[in-house]
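One-letter residues, chain by chain:
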Amino acid sequence: MDNFTGQHILSVNQFDRVAVETVFDVADKMQPYANREKRTTVLEGAILGNLFFESSTRTRVSFGTAFNLLGGEVRETTGISSSALAKGESLYDTARVLSGYSDVITMRHPDAGSVAEFSEGSRVPVLNGGDGPNEHPTQALLDLYTIAKERASFGESIDNLHIAMIGDLKYGRTVHSLATMLCLFKNIKLTLISPNELQMPVSICDAITNAGHELIISDQLEGSVEADICYQTRIQQERFSSLQEADKYRGKFRLNQQIYTQHFKSKTVIMHPLPRDSRADANELDNDLNMHPNLAIFRQTDNGVLVRMALFALVLGVAEKISDFDRPVHWYSTKNTANN
Amino acid sequence: MDNFTGQHILSVNQFDRVAVETVFDVADKMQPYANREKRTTVLEGAILGNLFFESSTRTRVSFGTAFNLLGGEVRETTGISSSALAKGESLYDTARVLSGYSDVITMRHPDAGSVAEFSEGSRVPVLNGGDGPNEHPTQALLDLYTIAKERASFGESIDNLHIAMIGDLKYGRTVHSLATMLCLFKNIKLTLISPNELQMPVSICDAITNAGHELIISDQLEGSVEADICYQTRIQQERFSSLQEADKYRGKFRLNQQIYTQHFKSKTVIMHPLPRDSRADANELDNDLNMHPNLAIFRQTDNGVLVRMALFALVLGVAEKISDFDRPVHWYSTKNTANN
Amino acid sequence: MDNFTGQHILSVNQFDRVAVETVFDVADKMQPYANREKRTTVLEGAILGNLFFESSTRTRVSFGTAFNLLGGEVRETTGISSSALAKGESLYDTARVLSGYSDVITMRHPDAGSVAEFSEGSRVPVLNGGDGPNEHPTQALLDLYTIAKERASFGESIDNLHIAMIGDLKYGRTVHSLATMLCLFKNIKLTLISPNELQMPVSICDAITNAGHELIISDQLEGSVEADICYQTRIQQERFSSLQEADKYRGKFRLNQQIYTQHFKSKTVIMHPLPRDSRADANELDNDLNMHPNLAIFRQTDNGVLVRMALFALVLGVAEKISDFDRPVHWYSTKNTANN
Numbered sequence: 001m002d003n004f005t006g007q008h009i010l011s012v013n014q015f016d017r018v019a020v021e022t023v024f025d026v027a028d029k030m031q032p033y034a035n036r037e038k039r040t041t042v043l044e045g046a047i048l049g050n051l052f053f054e055s056s057t058r059t060r061v062s063f064g065t066a067f068n069l070l071g072g073e074v075r076e077t078t079g080i081s082s083s084a085l086a087k088g089e090s091l092y093d094t095a096r097v098l099s100g101y102s103d104v105i106t107m108r109h110p111d112a113g114s115v116a117e118f119s120e121g122s123r124v125p126v127l128n129g130g131d132g133p134n135e136h137p138t139q140a141l142l143d144l145y146t147i148a149k150e151r152a153s154f155g156e157s158i159d160n161l162h163i164a165m166i167g168d169l170k171y172g173r174t175v176h177s178l179a180t181m182l183c184l185f186k187n188i189k190l191t192l193i194s195p196n197e198l199q200m201p202v203s204i205c206d207a208i209t210n211a212g213h214e215l216i217i218s219d220q221l222e223g224s225v226e227a228d229i230c231y232q233t234r235i236q237q238e239r240f241s242s243l244q245e246a247d248k249y250r251g252k253f254r255l256n257q258q259i260y261t262q263h264f265k266s267k268t269v270i271m272h273p274l275p276r277d278s279r280a281d282a283n284e285l286d287n288d289l290n291m292h293p294n295l296a297i298f299r300q301t302d303n304g305v306l307v308r309m310a311l312f313a314l315v316l317g318v319a320e321k322i323s324d325f326d327r328p329v330h331w332y333s334t335k336n337t338a339n340n
Numbered sequence: 001m002d003n004f005t006g007q008h009i010l011s012v013n014q015f016d017r018v019a020v021e022t023v024f025d026v027a028d029k030m031q032p033y034a035n036r037e038k039r040t041t042v043l044e045g046a047i048l049g050n051l052f053f054e055s056s057t058r059t060r061v062s063f064g065t066a067f068n069l070l071g072g073e074v075r076e077t078t079g080i081s082s083s084a085l086a087k088g089e090s091l092y093d094t095a096r097v098l099s100g101y102s103d104v105i106t107m108r109h110p111d112a113g114s115v116a117e118f119s120e121g122s123r124v125p126v127l128n129g130g131d132g133p134n135e136h137p138t139q140a141l142l143d144l145y146t147i148a149k150e151r152a153s154f155g156e157s158i159d160n161l162h163i164a165m166i167g168d169l170k171y172g173r174t175v176h177s178l179a180t181m182l183c184l185f186k187n188i189k190l191t192l193i194s195p196n197e198l199q200m201p202v203s204i205c206d207a208i209t210n211a212g213h214e215l216i217i218s219d220q221l222e223g224s225v226e227a228d229i230c231y232q233t234r235i236q237q238e239r240f241s242s243l244q245e246a247d248k249y250r251g252k253f254r255l256n257q258q259i260y261t262q263h264f265k266s267k268t269v270i271m272h273p274l275p276r277d278s279r280a281d282a283n284e285l286d287n288d289l290n291m292h293p294n295l296a297i298f299r300q301t302d303n304g305v306l307v308r309m310a311l312f313a314l315v316l317g318v319a320e321k322i323s324d325f326d327r328p329v330h331w332y333s334t335k336n337t338a339n340n
Numbered sequence: 001m002d003n004f005t006g007q008h009i010l011s012v013n014q015f016d017r018v019a020v021e022t023v024f025d026v027a028d029k030m031q032p033y034a035n036r037e038k039r040t041t042v043l044e045g046a047i048l049g050n051l052f053f054e055s056s057t058r059t060r061v062s063f064g065t066a067f068n069l070l071g072g073e074v075r076e077t078t079g080i081s082s083s084a085l086a087k088g089e090s091l092y093d094t095a096r097v098l099s100g101y102s103d104v105i106t107m108r109h110p111d112a113g114s115v116a117e118f119s120e121g122s123r124v125p126v127l128n129g130g131d132g133p134n135e136h137p138t139q140a141l142l143d144l145y146t147i148a149k150e151r152a153s154f155g156e157s158i159d160n161l162h163i164a165m166i167g168d169l170k171y172g173r174t175v176h177s178l179a180t181m182l183c184l185f186k187n188i189k190l191t192l193i194s195p196n197e198l199q200m201p202v203s204i205c206d207a208i209t210n211a212g213h214e215l216i217i218s219d220q221l222e223g224s225v226e227a228d229i230c231y232q233t234r235i236q237q238e239r240f241s242s243l244q245e246a247d248k249y250r251g252k253f254r255l256n257q258q259i260y261t262q263h264f265k266s267k268t269v270i271m272h273p274l275p276r277d278s279r280a281d282a283n284e285l286d287n288d289l290n291m292h293p294n295l296a297i298f299r300q301t302d303n304g305v306l307v308r309m310a311l312f313a314l315v316l317g318v319a320e321k322i323s324d325f326d327r328p329v330h331w332y333s334t335k336n337t338a339n340n
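Residue numbers (my numbering), protein chains in the order written: chain A, 1 to 340; chain B, 1 to 340; chain C, 1 to 340.
Among the clues, some could well be false.
Note that identical chains are pooled: a pair holds if it fits in a single copy or bridges any two copies.
[Said to hold, decoys possible] Dumping the calculated DMTMM-like pairs for lysine to aspartate or glutamate here, alpha-carbon to alpha-carbon at most 20 Å: (1) K87 x D286; (2) K87 x E245; (3) K38 x D286; (4) K248 x E37; (5) K38 x D324; (6) K321 x E37; (7) K87 x D247; (8) K248 x D2.
It is worth saying that the hints were derived from the structure and are not from the lab.
One chain only, chain A, in its complex shape (with noise of 0.2 Å):
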């Protein structure tokens, strides 16, 4: 992908490293907007189709925020019962119709390969906001931007990465993608740790290891993990056939401190896609890790601002003209280090 102006955003297979730089270097500039030191209009009378067909608040906000931040509107609509698609309206006419009325959509929608077939319907850019169990791009991209981010901190970059992927790895969308995008990048080491019904799929294995990473599969959590990034995941109950099928997992490769201390190195960041599960009988990362300096699942979500911010601002071609719009931010906000 040379030019993201106009284009669709639908898969982790469309970057090349290039492509996957162009985004962080435009949502490393985002910061600025994101920390409310000063706000911009270049989107302003721009307007969003958010459309979560299947529910996702998190996501769902993140993108709306995101459009907000740059200063255009958001139309929104969630639910898949609510909407002629109900009516037997083809995904072809949805989009063709709702097309007509942004600049730009978000969709999220239960069924594998359902944006994409919206995509080529749609008469302006499409961003994947998750197709059910495929695709999920932007989680993709924080995941990433994140990594690379803390990696910075330590004066180091995404080659050369080990990283130690725990959990639930066949239903996991977003180790799925992360991999995959790894793959884009040198040396990588990648430890999979999962019960044998829930390792990751032979496809992206054979990926990770046909682009020369190291690649250690196990079934448990033992020893010292030399692991620079520890990705944890939730067991994806609603992937599962049954609650009951989902339970037989919930629970395993949980991670606190003592655990983490047991197994992990002291610079070893901790990452979840989140939602993590903090009921008792999940509990996947416990609560006694919420004040470490390495738990980096809410700089996560706050990154996921970003790189959404650098996608839209590309796909419209705003990239390079935010900044001209800047404008003061005159209210008092947390964010904006400058306050405090």
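Since the structure of chain A is provided, determine the placement of chains B and C on it from the hints.
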């Protein structure tokens, strides 16, 4: 209706020919904003209360978009169970309260007459976005506006039109309203094709003939229909007593490339209120016509934004001021032909 | 509370008399904006996270409107099933994440204490929009502000008020909060009229008498109630163990024109937290009083916008700057008396 400022828009019966033409003149001026050639801030600071007590993604988003394109903000509510109506609040009270929160209200509700009742308590103008089987005036206006524009491209006006309406003419609210509005024009010929059980109501047929128009009623599509417009409809399954009852009629009067070529002249424009039911057992308007230049169904929904912008501008008294608040558009838009 | 900037607003107990008067002074300044005499852009670029994990159309839209009137944008979420909370996410995590997306949060939730718990994880100010049976401080403030304004129209202040509260005083959260706030003022007389089973909780009665106020408790409306304010309430059927249990009390203590004339003085102002239940079997406040000049129920909801604007302005530190960002209003508004 001489002066729209501050008025409710509840019924097609409020419109005389001059009022219709006023709306269409203002709608024409909205095209550059919908095309993102420029934007306007005339309603910056104004609030639309977009109250959808019945689901309709398309209509709801279209109203919201239209208001955003004029520079205003949108506050929304969807669904009836979540509202105070479920706690026994009267429509009068709901109207009195919610009209305190906005500058204009658009409302959809499943009950006939509800929007008019609501408007009696409202302190701001109310636009009817559909009250069950009763009225949906903005749909009728966008249909008629589409006919006017399609006809204008052939150098013709609405007068002297021949329109064929096909399918469920009993429950199809849009065909009732459109037929009613056509009574304002001259020398119209209407060919109504439906199962005998789903014929156009007698009261509307009487109005058509009383207007001096020609009426042809048939229960099948046969021979050469020399219509300028073919207005196809969906079986409104949600208005039938049961799904089984609706199923008796689904799939009748399909239109596809072969049937279109057989029965219509080469310049016949195809319209449909949407959503069209594209499931195999219905499929009243086949996808093999999707690329046909005479298929106007997506021009209809685009025109809906223009008509709704026009109505907002008129009831809020800013129709003459819009271009005083023009601003440039800075982002890339496929809608702006200057970009292409 | 000396300084509102950056503070959470969780409980009426945070307010002393000076703080209440500060809110009311700022609310007074909001009137011209609510009347559309002018508008302000002071919060242009700011984002409200309007999180309604329990439905409340009125309160949700009121908060959103208030923020829009200050120039800000609103991102919303409604319902609890659609949120990550349903996947086992803690309120702490939800707060940490969602507070990254906005400048201030308003939140409603069915569980007592939930909003305070949420605020501990939030990185931005949180305003309690109602946490189940517990607190709803903005409702209490708008009630008290209404009393202050109604009294001011007679040249009186809140001090020396005689208020009658009628109906469900056990479950009615608003009467608890209002009675509590009245303890900040001087020489108040409260007449509490309810079925014995639905009396005001003892703890609140104690607070009232400890404040030196006069308390009269009765289980029926009789004789002449020399009240300045008659505060009528709805049976909160959703707080009862069953609908049958609630039904035992619905329809008691109705107020209509005849009862009002019989028991109250001609200047007694009628208030109600709304929604009022207008179904025949409840009808606690009859429609025959709708045109009565002393019926303040819709002035209450209008005042709610002013009070919420004031709280936003205060916690975001812009209360003194609002008029620096004044802009003219260009559209016709029935709210702007200069138009009429």
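Right, here's what the structure says about each hint:
| no. | hint | in the structure |
| --- | --- | --- |
| 1 | K87 x D286 | between (44 Å within a copy, 16 Å between copies) |
| 2 | K87 x E245 | between (33 Å within a copy, 16 Å between copies) |
| 3 | K38 x D286 | neither (36 Å within a copy, 51 Å between copies) |
| 4 | K248 x E37 | neither (48 Å within a copy, 57 Å between copies) |
| 5 | K38 x D324 | both (12 Å within a copy, 18 Å between copies) |
| 6 | K321 x E37 | both (18 Å within a copy, 18 Å between copies) |
| 7 | K87 x D247 | between (36 Å within a copy, 13 Å between copies) |
| 8 | K248 x D2 | neither (45 Å within a copy, 53 Å between copies) |
Hint violations for this structure: numbers 3, 4, 8, all remaining hints satisfied.
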